[in-house]
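Read off the chains here:
There are 2 protein chains.
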Amino acid sequence: MPGNRVRLVAKQPGLVRTDNASPLGLMADEPISAVERPDVLVVPGGPGELQARQDPDVVDWVRAVHQHTRWTTSVCTGSLILGAAGILEGLRATGHWAWLEPLRQFGAEPTHQRVVRQGKVITAAGVSSGIDMALELLQLEYGDAMAQAIQLAIEYDPQPPLDAGSPEKAPPEVVETVRKAISKLTH
Amino acid sequence: MPGNRVRLVAKQPGLVRTDNASPLGLMADEPISAVERPDVLVVPGGPGELQARQDPDVVDWVRAVHQHTRWTTSVCTGSLILGAAGILEGLRATGHWAWLEPLRQFGAEPTHQRVVRQGKVITAAGVSSGIDMALELLQLEYGDAMAQAIQLAIEYDPQPPLDAGSPEKAPPEVVETVRKAISKLTH
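Sequence lines, in order, name chains A and B.
Numbering follows this note's numbering, with no gaps: position 114 of the first sequence is 114.
Numbering follows this note's numbering, with no gaps: position 133 of the second sequence is 133.
Looking at chain A on its own, in the form it has when it is part of the complex:
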């Protein structure tokens, strides 16, 4: 979105690798400590969330900056980090379908919806839902015409060749396969 500044931060600045067999390296240019007053906070997901939510420095930072945001958001398993920071207590929230139930331990009410907005807190479902959330955020902040412009610029006219994007739509045996693969990943 023109006129905004995006800052990618991590506990320690430097290259952050995705936690899988084909690691993509993303650059965190600054430490979390460099950002104290974000307008919009986006907490991403990833298998690494299991460690991150036990990292008190990250969780404390999320809790602290949340006081100053216009919007506090998460995508995928990022909602577990918002939960650990106490931000989801008493709220409906979503996240990756395979990690919805763990949200209860933080006092949240897991909700099978692609994007869940509760006051200034927005949680989105599994990773690709971040696109839908981003467009909703544009609508809220800038109106429909700007959200339409960005949607058109990224040509977001989805045409998945199959219809298996949620556990309700995928064949049961596929859901079982993915559950098992995910369970292996995180244990």
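Simulated from the structure, these hints should not be mistaken for laboratory data.
Any given hint could be a false lead.
[Unchecked claim] Calculated pairs, EDC-like style, for lysine to aspartate or glutamate (alpha carbon to alpha carbon, straight line, at most 16 Å):
#: 1; chain 1: A; residue 1: K11; chain 2: A; residue 2: D55
#: 2; chain 1: B; residue 1: K169; chain 2: A; residue 2: D144
#: 3; chain 1: A; residue 1: K169; chain 2: B; residue 2: D144
With the hints as your guide, set chain B onto chain A.
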């Protein structure tokens, strides 16, 4: 996709910044010269394509490795690089909607479709279409069940809040705004 190795390459290895005001840094771990026999080549897009397609080293490399691929693919303006390498001559091809006509100079027939497959060459439309192409590629290589599993794992059940993802669907004044913004970006 488990069992595969993803290698991110650039002319020179190192951090590659996206060409906009909020630069995201992606790591190219190896130079293009390190990869001579990719099974699947994916050429991404970006405003940088204008330079890249005039970089004979990149274009020559694409042309050379194409001889050995099972699939040669592009997303967004990446099709201009395939075009410059002579790979699209006589083929139907797609790309970002605002850069379809330039494909003609390479002997390609611009095609308003989200994913266009011609033999082993697959081109996809604007950036978000890469997800749809990836799922089609999984179908072709591994069958529907595996494509469904990956679709479910990334919870790709798109629900855009607005319906403006193509120039046919967006309001005319939005299309005009985006055309102008893009034209500024690249001139």
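Results of checking the hints against the structure:
Distance hint between A/K11 and A/D55 is fulfilled; the C-alpha atoms sit about 9 Å from each other, no more than 16 Å. Among the hinted pairs, B/K169 with A/D144 is consistent with the structure: their alpha-carbon atoms are about 14 Å apart, no more than 16 Å. A distance of roughly 14 Å separates the Cα atoms of A/K169 and B/D144; the hinted pair therefore holds under the 16 Å criterion.
In summary, this structure violates none of the numbered hints.
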